[in-house]
Amino acid sequence: MAIPLGLGNSYYLNVLVFVGIHSLITIGLSLLMGYAGQISLGQAAFFGLGAYTSGILSTKFGVSPWLALLAAIFVTGGIAFLIGAPALKLKGHYLAMATLAFGYIVYIIFNQASSLTGGPSGFGQIPRFKLGNFLFKTDVHYYYLVWILVIIALLISLNITHSRVGRALRSIHAGELTANVMGVNTAKYKIQIFVLSAVYASVAGSLYAHFITFLNPSPFGFHFSIVLVTMVVVGGVASVWGAMVGAALLTILPEYLRAFQDYDILIYGSILLLIMVFLPKGLFVGIFDLVKKRKNRQ
Amino acid sequence: MSLGSQLLQYLFTGITLGTIYGMVALGFNIIYSSTGIINLAQGEFVMLGGMMMIYLTTIIKLPMVVGFFLSILIVALMGALFERGAIHPLKDPSVVTLIIITIAASILFKGGAMFAWGKETFSLPAFSGEEPVRVLGATILPQTLWILGIMAATVVFLIFFFGFTLTGKAMRACAANRTAASLVGINVKTMVLLSFALSAAIGATAGIIIAPIALMDYNRGTMLAVKGFSVAVLGGLGSNVGAVVAGFVIGIMESLGAGFVSSGYKDAIALVVLLLVLFIKPGGLLGSREKGEFKKF
Chain D
1 MAIPLGLGNS
11 YYLNVLVFVG
21 IHSLITIGLS
31 LLMGYAGQIS
41 LGQAAFFGLG
51 AYTSGILSTK
61 FGVSPWLALL
71 AAIFVTGGIA
81 FLIGAPALKL
91 KGHYLAMATL
101 AFGYIVYIIF
111 NQASSLTGGP
121 SGFGQIPRFK
131 LGNFLFKTDV
141 HYYYLVWILV
151 IIALLISLNI
161 THSRVGRALR
171 SIHAGELTAN
181 VMGVNTAKYK
191 IQIFVLSAVY
201 ASVAGSLYAH
211 FITFLNPSPF
221 GFHFSIVLVT
231 MVVVGGVASV
241 WGAMVGAALL
251 TILPEYLRAF
261 QDYDILIYGS
271 ILLLIMVFLP
281 KGLFVGIFDL
291 VKKRKNRQ
Chain C
1001 MSLGSQLLQY
1011 LFTGITLGTI
1021 YGMVALGFNI
1031 IYSSTGIINL
1041 AQGEFVMLGG
1051 MMMIYLTTII
1061 KLPMVVGFFL
1071 SILIVALMGA
1081 LFERGAIHPL
1091 KDPSVVTLII
1101 ITIAASILFK
1111 GGAMFAWGKE
1121 TFSLPAFSGE
1131 EPVRVLGATI
1141 LPQTLWILGI
1151 MAATVVFLIF
1161 FFGFTLTGKA
1171 MRACAANRTA
1181 ASLVGINVKT
1191 MVLLSFALSA
1201 AIGATAGIII
1211 APIALMDYNR
1221 GTMLAVKGFS
1231 VAVLGGLGSN
1241 VGAVVAGFVI
1251 GIMESLGAGF
1261 VSSGYKDAIA
1271 LVVLLLVLFI
1281 KPGGLLGSRE
1291 KGEFKKF
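Those protein sequence lines, which keep their order, are chains D and C.
Residues in the first sequence are numbered from 1 upward in steps of one, following the numbering used here.
Residues in the second sequence are numbered from 1001 upward in steps of one, following the numbering used here.
Hints listed in this document are in silico derivations from the structure and should not be mistaken for laboratory results.
Please read all numbers here as calculations on a predicted model, not as lab measurements.
One or more hints might be untrue.
Unchecked claim - 20 Å max Cα-Cα, derived EDC-like pairs, lysine to aspartate or glutamate: (1) K1119/C with E176/D; (2) K1091/C with D264/D; (3) K1061/C with E1131/C; (4) K89/D with E176/D; (5) K281/D with E1131/C; (6) K1189/C with D1092/C; (7) K1119/C with D262/D; (8) K1189/C with E1120/C; (9) K1061/C with D1217/C.
Claimed, not checked - Far from chain D by the CB rule (all over 10 Å, computed), these chain C residues: (10) V1065; (11) P1089; (12) W1117; (13) L1136; (14) L1158; (15) L1166; (16) I1213; (17) F1260; (18) L1274; (19) F1279.
Glycine included, every Cβ here is placed at the ideal spot set by N, Cα and C.
Next up, chain D with everything else stripped away, as it sits in the complex (with noise of 0.2 Å):
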């Protein structure tokens, strides 16, 4: 936390502020990828549901920032939910189905309905958080916002995983059969986690939209989707601590490839596909892995 203090330079502390946000994103996603055995591919959505909720709410209609961060939750969670429940109900990968389209709808909107979201070229002046007189304004101040966030999120979420629900959700992740016949309600549980991830994915848009304070569709799309699915994947999917270190990689990586611009997409599929291929359990969990059989064999 005291990382801003030794970091004078504005640029390093802004990527620092969405390796929060993504973390987020990501946390939630690990949940729903590690724990309940399920994949999304439209968690950019949520994500953006969060954003422009919260900005049309505190921009056209006056609403604090805050309760507008609180109304995009009901409203994204809602929609989770609405999703989520048939999907699930059914066995097996509905939801991965389910989720793309979705997301892709939700891209189309935020296109079309330009006398609500701007259309393609979107909508700026969004308020930033206050605290009675004190504005959030600088990136310090979104640094301290963020990471509180996220560390009550990382703390609800190892609640979760340690818990009878999170012992519950890995049964389902080992045999869903099994978990079923010895009582858990797995569909309730799938159900739950959905919509928890979708919440985060919400409360990251609604801090990023008060931090950049402004809106268009282009980072709420299939690619950040995917991007999102690669930074859980590179961290390891059955954990939360290696979804942070996937969102982390994955947002200062691309500051450093900046030489390569649009090529960078070839690196994401390369990366994607290697660590799927090779080591399934994520980058860090399977390198710990391979060092652990190392040192057995010795």
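Mind docking chain C on chain D? Use the hints.
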């Protein structure tokens, strides 16, 4: 233009679109039947087919017919390479792993195409003439007839291949029951390889025949994959008749929607249909209940 001929015009457009979606859906079905994998890189085969054809015929200036078959062959090889490189080495992969791998492959194909041909949009001359044919006040491009003809030829080929050749029957056996198929001496791994090559070939064919009408760029694949997938699910995953019929249904809905409701939202139509089918009748229109229950999915 009268309302009647306007309707007819939208119908023609819808049938053209639907043919392409149907062919993408056929590609999904072939891989799904033999492996249980939903190959999200399916749309990239379509894009690669179109781009390869444009490259071979307009830049290298090969004759149309040679370019047509060579493009299909090259993309089929890419499909096979993808299977050998990324699917074959996996040991008992989870579905999430498979989904991510096919997405990663689609990113790589897309990136590779951008690397090779850049970001411009390319056009391909129509196979025979641009002069539209007039039918009851509406017009049909000669290319549309080519598209319908080649689709029909593809379907006939598939019926013959799966119904009357030993290899085709072996592939169907793998689709029905992999363990049983390998017990009677079918090399399941080879059939999986073959299904990727065949699926890529059909995708490439779709890309080649649509290129003169729709133009082509490196970024076309994903949307085509998503729509083709919607069609495959509406028709019932694994049902080839369903894929063709559902292709026309979604193609026509899309062109009517674009004409009468809003062209901005036309891309959402197939996706809304996909969501509704998943929620209301996951087996699809023509799929059997058993097939509709995703194999590994």
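- Message: Tell me the numbers of any earlier hints that the structure contravenes, in ascending order.
- Response: 1, 2, 3, 5, 8, 11, 18, 19
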